[in-house]
Amino acid sequence: MAACAIDPSELNAEPMSNHALEQVVSATGQASTGTEPTTAVRLETVTHEYGSSGGHTGGDRVVTALQNVSMAVQLGEIVGLAGPSGSGKSTILHTVSGLLVPTDGSVELLGTDLTTLSDRRRTRLRRQHIGIVFQRFHLLPSLSARANVALPLVQAGVPTATRRERAETLLERVGLADRTGHLPGELSGGERQRVAIARALVTDPDVIVADEPTGELDTATGADVLDLLTDIGRNRAVLVASHDDATLSVADRVVELRDGQVSTDGR
Amino acid sequence: MADDDRFDLESAGTRRARWRGLIGIAAIRLWKRTIQTRSGRLVATIAAVALTIALLVIVTGVALGLADGGALADDDADVRITPEAGATLSAVDGVEGARLGATNERAATIRAEDGIEHASPVLVEPVQLESPNGDPQTVLLVGVVPDDEPRRIGGLSTATLEAGDSHYANGSYDGPRTGELVLSAAAADRLEADTDENLTVTGPHRSNETPAPSFTATAVETGSDDDLETPIALVHLSDLQTIAGADSGHLADTVLVWGEVDAATAAATETYPDAAVQSAESTDPAALFGDGLAFATSLLALVVGVVICASFVATTTGMAVNEDRRTLAVLESVGYPTHSRLTIIAVSTLLTTLGGALLGVVLGIGGIHALNTIASATVAPGAVAQAHPVFVPYAIVVALLSGLVAIPYPLVVAARTSVLTEVGR
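Protein chains in written order, with this note's numbering: chain A, 1 to 267; chain B, 1 to 425.
From the structure, some residues in chain A lie toward chain B, with a derived Cβ separation under 8 Å:
#1 His94
#2 Arg120
#3 Arg126
#4 Val158
Computed footprint of chain B on chain A; a stretch qualifies when at least three of its residues, placed anywhere within it, have a C-beta under 8 Å from a C-beta of chain B:
#5 95 to 107
#6 132 to 141
So the derived list for chain B, only partly shown, Cβ under 7 Å to chain A, looks like this:
#7 Phe7
#8 Gly13
#9 Thr14
#10 Arg15
#11 Ala17
#12 Arg33
#13 Val330
#14 Ser333
#15 Val334
#16 Gly335
#17 Tyr336
#18 Pro337
#19 Ser340
#20 Val419
No lab work stands behind these hints, which were simulated from the structure alone. Where a beta carbon is used, it is the ideal one built from N, C-alpha and C, also for glycine.
Could you put together the complete structure from these sequences and hints?
This is the structure we're talking about:
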């Protein structure tokens, strides 16, 4: 994993470097138990309300997306998030990836509480430690597969030659060595999701979040993508949200959500 | 995944590589959208900027044409000396400006310098002439001192005029008059005169006490295409100075110098330290500042150009960014902070504007040539607009300025993008 550490002086916290994380992961890829550093993600009594004041009716409309959700994901663990639409699966993924700050509670990533950070610092942390795989791939249509994969490295200031080499290596790993120069529009759905997975991996993140990663794929292609996800999940914490039982079956543990609350943790 | 996928993100990065990468993303996206996906919005933006800039270049070219003095400025001299405070002499209305003094002697001084081929004062005066077969007509007489080499002054050749200026006679103006005159085609038409025709000065310049001076046409010159319709005639300087009453001060409007530009410029500056010395290589956009109408026209074109260009760019790029919110959301989700996303938008906007500006310069200069062709074939006596190399950087700077004025709007649209709304779709 990456040797990048969260800069303590910048974050005003005592984060753990990825090297430190590696030290507590066993040679088999399983995280050691009972030690604080093995926890990649921890949500403590997280509540989030989407709402607006005023509006046409003049009253307040508040929707509670998450209510007192607490859970943890260890390194080397694949955790499935299950539940009907609106149960809060995507909201959990968004809070873990720092795209959303919950109304209440804390979200720790590698020991750092994301809710206390500025937008800029959360974005930096996301770039360094989190890879996101979307249901609809969300590749940039005007960039080649290689450029899409290398996208996070640009912001990190990685030189062109290194970006190119790194992106080609990852595309090769996901079986797309012969598609590096293709635009997303020239790729099949499965190939696009593989490109998206390569992009999520390019910064060597500690945590992968995947929101319905097989939702747009047929069964066979979805199975291939899941194999890839479980393969890359070794030594990382993976959070997969899905309605699909086949997708959730690859998880070490499934957390069931209902009406924004954890109904079963699957431990 | 194998352990050799390890990647040290932070130690691999540099600030310079990040900036190059961000600019590269903006440029590649624009290029691919233009070439491969043929984005209509992008093409519309570039076309709008190009048309606005083309219009600016054409109008500025017309203004420069207005300021340049028309056919009278058509000469092959290397250096031109004009009075510093003098307004440009109009070929149309003959408005007089300041004149240079003691031009005959000083031109002789300049001629004596090393590296100088020739120097001639040029006096321009509207004079009424009459041919035996026609009515009195006003033409612009241009008084010059020819030498053995044919020179072009006022669009006409001095080849058929006798070298020197015999009537000047070292300032006594009592030498023999040659009475030679070279007619432009328009002047010949107007006077219904031809070669060897005798033309007599009439009107206010004619003295009742002395016999009316007369000229003999030694040639009818067609001149350049631009000057076909301008009624001009070349005569010897002292002949015209006598007629115009400019003999007492040895006056002239300009002094033209032929020779090495550096030597000619040095000699001209030394001889006329307070006059404007201008080399032919730098045909003067600065003339715009000396002509009120031309300056106002070009200034108006500049203001209108910036306003229209900025409006087009702001509107179209704002709409393009609005359609491109998902891309911005994706960038945010993979770790691009706000300032990096806005940098991409700003660079995209400026590159689009730059592309439009370059296309606009080409269209504008082509438009100037087209305008001159049409004007010459229809209503105007010749070229009505002039192109100049300085138009290229001028147009680009104006377009980039417009882009800078326009940038805040697409940036505001971009900054308001909600990543959750976009990636959740």
